[in-house]
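4 protein chains.
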Amino acid sequence: MTIAPYEHKVQYYETDKMGIVHHSNYIRWFEEARVDFLEQVNMPYEDLEARGIICPVVSVQCKYVGMTHFGDIVCISLKVEEFNGIRLILSYEVKDKRTGELRCTGRSSHCYLDEKGKFVSLKQVCPEYYEVYKQVEEQ
Amino acid sequence: MTIAPYEHKVQYYETDKMGIVHHSNYIRWFEEARVDFLEQVNMPYEDLEARGIICPVVSVQCKYVGMTHFGDIVCISLKVEEFNGIRLILSYEVKDKRTGELRCTGRSSHCYLDEKGKFVSLKQVCPEYYEVYKQVEEQ
Amino acid sequence: MTIAPYEHKVQYYETDKMGIVHHSNYIRWFEEARVDFLEQVNMPYEDLEARGIICPVVSVQCKYVGMTHFGDIVCISLKVEEFNGIRLILSYEVKDKRTGELRCTGRSSHCYLDEKGKFVSLKQVCPEYYEVYKQVEEQ
Amino acid sequence: MTIAPYEHKVQYYETDKMGIVHHSNYIRWFEEARVDFLEQVNMPYEDLEARGIICPVVSVQCKYVGMTHFGDIVCISLKVEEFNGIRLILSYEVKDKRTGELRCTGRSSHCYLDEKGKFVSLKQVCPEYYEVYKQVEEQ
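Protein chains in written order, with my numbering: chain D, 14 to 152; chain V, 14 to 152; chain S, 14 to 152; chain X, 14 to 152.
Hint data in this document are derived by calculation from the structure and do not stem from the laboratory.
In this list, chains with the same sequence are indistinguishable; a pair is considered to hold if it fits within one copy or across any two.
Pairs of lysine-lysine residues, derived as DSSO-like cross-links and limited to a Cα-Cα distance of at most 30 Å, are as follows:
#1 K22 / K110
#2 K76 / K129
#3 K22 / K76
#4 K131 / K22
#5 K92 / K76
With the rest of the complex left out, here is chain D (with noise of 0.2 Å):
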């Protein structure tokens, strides 16, 4: 199973008075990495949403190495650093797709809730996607 890089075009709004991309959006871009590769592998988060289950962010972190403008196109690559199910940590990569240098890197951990707010295990409430992210971890 191959992941693609998530490609995502820097709009006008997201930059800020220093020129350059404001750092709170790589954030936002990481999200779109995510939601991009449950749908690479065919388990959108719609679809786990529509089973009352939520996969909120516990922790984020971003180290920014180069700056980012308006108009350029940047790659994020995901990993699946960790997964047990309960717990699982990504991490990223944006580069810019041009000169292919890094931008940025990031990471990300998160838990899964039921509709109560209760931590659930993804191996049991669905095992499909728990095999998903098993399978890619293992790359």
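Starting from the known structure of chain D, arrange chains V, S and X on it as the hints suggest.
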């Protein structure tokens, strides 16, 4: 009943690469002013939502008169232009607090929906809210 | 010259607690469509800025017809409603890609400013841009 | 020198379809708290920028402890964790104003750049700013 203008401090993340506030943020400030208005009249929007009523934006318009910069404080005054319990029209004036200069004028129209997405009349479902809007409209 | 509609995938961070896209985001999508249009006609906005010309939004309006949800793809078509080199008026239609249903219509007007903030005529400062807009307007 | 916690009222547009504040907004609140801190010590960020110095975010991290809802007021306290004039590390605690409950902790690191994008030492280019940070750090 006097409604005090709502004050907003312009944040760095609200600017764009032109060095001024991105135009989409004024639409958000209108929302901030609406929420503040409802608090001033002791009828917070949370309470309306808790009764299963939402008040979505049906249309919005904004005329940009002057530029707003990081660090500026803007005062947003709100008027009830039209209200019949079913449709609400508000207008806004955004002024620089220090100079009093006009930055932007706007207008938004709203309806009321119940949890099934059906139109409702505020007069019937929340008469107290209805009365408050009516009073403010008459001013 | 045919302008293809601009496609936008709705992101999770664009939703609000109503469970639908926050109304302020449509204003940002209009900007995305404008930027895309300028790329389609080979005159990216970056090039205009590089010549010291900016094209700020003078007014914007938006009429919300239907709701848009996370994961939806919207198609935004843009028309040049009026253009004389000094003032530009664009209109937008946002439709759901899958169903073709109308979600929102909008309109924005713009002017052109040089680096000192002085109004300029695109006909004089960037005749190529002027010609493109004129051609698109006539369609 | 006592730094008062920064207060932020949670806006509707900051929520997402989970019904809580979208995680990316906390990163923006950290920025609000930084800007407020610099004002409290009479050294607004605008002044730094006016001297041609910017202070970009080099890294940021955020640990989400509890959920924040529309209408909540959060208090953000900021600490100077490390500062040598070249590198600045700040930490943040976001608490619910009413209950005092912790919502989120965070950390950001920063450097100083001049107009050419060259690293500078605040000790050399803005000794007054340097002294203030040093004083706050020692507390």
